[in-house]
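Engineer: Which chain is which? The protein sequence lines are A and B, in order.
Residue numbering for the first sequence follows our numbering, starting at 1 and increasing by one per position.
Residue numbering for the second sequence follows our numbering, starting at 1 and increasing by one per position.
Everything labelled a hint here was simulated from the structure, so no lab data went into it.
Glycine residues also receive a C-beta, built at the ideal position from the N, C-alpha and C atoms.
Mixed in with the good hints there might be a few duds.
Taking CB as the label site, the calculated pair distances span [what the hints assert, rightly or not]:
no.	chain 1	residue 1	chain 2	residue 2	range
1	A	85	B	464	17 to 27 angstroms
2	A	25	B	532	44 to 54 angstroms
3	A	80	B	532	53 to 63 angstroms
4	A	147	B	532	23 to 33 angstroms
Where chain B lies over chain A, by a calculated footprint (3+ residues, C-beta under 8 angstroms) [as the list claims (entries may be wrong)]:
no.	stretch
5	210-217
6	226-240
One letter stands for each residue in the lines below.
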Amino acid sequence: MTPSDSDSTGAVLETDGLDLWYGSQQALRSVTFAVPALQVTALIGPSGCGKSTLLRCFNRMNDLVEGCRVEGRIEYRGDEIHRPGFDVVDLRRRIGMVFQKPNPFPMSIYDNVAYGPRVHGETDRDRLNECVERSLRQAALWDEVQDRLGDSALGLSGGQQQRLCIARTLAVEPDVILMDEPCSALDPIATAKIEDLIDALKQRYTVIIVTHNMQQAARVSDWTGFMYLGRLVEFGRTSQVFEAPHEELTERYITGRFG
Amino acid sequence: MPTTVTSVTSPLHLPRAHAPARREQAFSFLWFACALMAVVTVGFILASLVIEGLPAFNDTGVLRFVLGDTWNPTFDPPSYGILPLLVGTLLVTLGAMAISVPLSLGAAIYLAELAPARVREVVRPAVELLAGIPSVVYGFFGLVVLVEWLRVTLSVPSGESVLAGSILLGIMSLPTILSVSEDALFAVGRDLREGSLALGATRWQTISQVVVPAALPGISAAVILGMGRAIGETMAVLMVTGNAAVIPEPLFNILSPVRTLTGTLGIEMGEVAIGSPHYHALFAVATVLLAVTLVVNLGATALLSRLNAAAAGRSMSSTPGRLVASLFSTRVLLGLAAGIVALVAGSTWGLIPALGVLSVSAVLSVATGRLSRRQSEAIAFALFRVAVVVVLLVLALILFDIVSKGLPAISWEFLAGTPKDLGRGGGIFPAIFGTLCLVAGSIAFALPIGVGAAIHLVEYRSEGRVTRAIRSGVDLLNGTPSIVFGLFGFSFLVLHLNLGVSMLAGQLTLGLMVLPTIIRTAEEALRNVPQSLREGSLALGATRWQTISRVVLPTAAAGIVTGTILSIGRAAGETAPILFTAVVFSQRQLPGSLFEPVMALPYHLFVLSTTVPGSDLNRYGTALVLILVVCGIYAVAIAVRNRFSTTMRL
Ligand SMILES: Nc1ncnc2c1ncn2[C@@H]1O[C@H](COP(=O)(O)OP(=O)(O)O)[C@@H](O)[C@H]1O
Ligand SMILES: [Mg+2]
């Protein structure tokens, strides 16, 4: 299912026969697909179908879950991420993640954004300042917070916090950005801002976004994968998946005749 | 497609400087080693008690040692039977429970269910203050006020008795029982309460039939924990029970003097010849004491874990649940209250008034059968209010006595001078200095290890056999009576490691004693850090240690600081662990090194009040300074906690 379109720069992430268990419960069943570079890929499906689980496989966040076991291959730019000796920390720095619930650190707005560069060894004040400003501008938050960079990030509104988390992710200049329902805790205005942002991001980043909002998937993504009960039922161009799905299951979900 | 694509092989412009894996491993090993300390310490304590105690068990025989009815180690031939000590411990503990369980449960129900927020804000710190008063201060108060009062009102030759010990231990175990059972009541879901009220039950019916039975495992655990505290208490008991190693005749003669297991250790350990049969016998006593507290604490742990397991699907019709529900009927409550009043009346004014009270209450309790739901609610609630008032009065009484009689002693000369005339005159500066040194050293030792162990337990959790062993080790350490730490410090640090009676030995012993407190509070603080923060940091490519040091620890700092300060308070007030390891009664010069002994406030107060007649003023002065030091420390802890809990809420 590798995208064959000529304008694509190839696959950034590829999975092959990916199975995943939480204890004895299987959450992913032989998922095979490839994520096209510099495009927005949406994962949709009913809640509990394994979207977050799949997303968290890409930066090996599931390592933190006790009793979680993975089989099958995941390659990041041709490198198997489960091979012995693979540098997970480095992987996570290249594959950023924005979570469902905004999770700013209990520090100042500035320190939140500077956190990533700092843990990667950046100490130069000017470069940090420059990086913080650039990231906040990219996340369309700069104008709202530039006079209060020293204030606690916890004082921001939910939508601002989420954009801060995006800025924080951008500050380490990742290759891929994973987003797990980034708008589910936000109001419509904040949601629209983040959707615009995602559109701008694909100029420079590969974005994978989980959403259970089909309109959102249709609006922001180039590619869509539909998941059901741990399987990737269908994957293709967003226009194709929404307008002419190959699978009946997909069609029933898209048209709302489900369950 | 724009061609600003970052290159495929290295999309990052940032320097590649994250910590090498070896450093991460070194840290993870370090924390593991800290956690292991807890288990190793328990191992050492057990080993040293058993090794030193074994000769006594061998010579006397375990059965004759435990059941022998004469404890007379200095007699010829000596006899080592600890039955009187066991009975003494049992009687004093039961008496303490009889006093503190009704009071603290009544107060807990009031606080959790009825009290307006304003009252709660006053009572909570009061209870914390009650918990913070050092045991030697309780002992001192018991000796000069309580025992004296009993002697005069009961017109007996001496007030040092089971009764005095029970009252004192009852007060001391009150805060534990109160706060743990209040937590248990608080944890009962709103839905249960609302469900009952929505059916038209009164508040009192809801409390007695629904809330209390639901909180039962937690309440039982609270009682058991309080019991553990009472059993392990040394100094206060030793100062008021008379310490005659006899079994009271008849058994319920609450005016008879007794001697407890802990008291025996506190009194005899200092005078015994090292390596003699008597010395070994004392370690055997400590072994028995540790075994008893271990059983008690295991019981509480088991109950609490059942509480957590049952929290999901609890059956309200369980037998103990119904039993308690019936216990909390107004009639039984009244009976209980009448019994206590009768006891006090009987011991104060004699038998006739007691019988009078009893018969009046019998009539009353028959009458309650005819009371309306509203009336019985009013009676029950009134009793709970009385319980709170009694608790507050007790605290006020103790504080008033010590502050009013201690203030005249406070002067510059007293605070900055050295003792004269066996402490009757002069000042207590060396004792203040010694206490501060002991505390500083013990925290310097326990804080890094405790926090490290907590980091291992929370952040590197791999629930294997090792982790479980570590956890049990911490639990065991937490339940170990302070006098047992004292014995361990003496045999292992002072003798075996040849540190001598020294500041260092005292610091290490106190450090071991507060270690479990620090581990637990730090663990809780770390657990309260939301997992999403860790994930947020790791997702940015931070290493584990970077995540812990830059995000998790700063977020948990307030909790860790609070726990540490509480430990400081505890270390400052303890006497039993330093009794044989670090202190001397008087000292011309301040200690010049860690290897010299020190003076300490709690020990100074102990010696003044037990062996130096005519030092009343300085006793009170020392007690006041000690309370001020400890409570000052607690006040800081409470302030820190309140401050951070309002600003750091996520
Ligand atoms: N940490 C976990 N432990 C055990 N089971 C989990 C865990 N996380 C998710 N699951 C289970 O895996 C399945 C997929 O969950 P998830 O990936 O969160 O679904 P989605 O994001 O599509 O709603 C669900 O059945 C869920 O219960
Ligand atoms: Mg999800």
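Engineer: Hint by hint, say whether it matches the structure.
Structural biologist: Tested hints:
Distance hint check: the CB atoms of residue 85(A) and residue 464(B) are about 24 angstroms apart, consistent with the given range 17 to 27 angstroms. For residue 25(A) and residue 532(B), the hinted distance range of 44 to 54 angstroms is not satisfied, since their beta carbons lie about 23 angstroms from each other. At about 28 angstroms, the beta-carbon gap between residue 80(A) and residue 532(B) misses the expected band of 53 to 63 angstroms. About 28 angstroms separates the C-beta atoms of residue 147(A) and residue 532(B), a value consistent with the hinted range of 23 to 33 angstroms.
Judged by the Cβ-Cβ criterion of 8 angstroms, the stretch 210-217 of chain A is not covered by chain B as claimed, because only 0 of its residues qualify and three are needed. Beta-carbon proximity to chain B at under 8 angstroms applies to 0 residues in the stretch 226-240 of chain A; the threshold of 3 is not reached and the given coverage is violated.
Of the numbered hints listed earlier, those contradicted by the structure are 2, 3, 5, 6.
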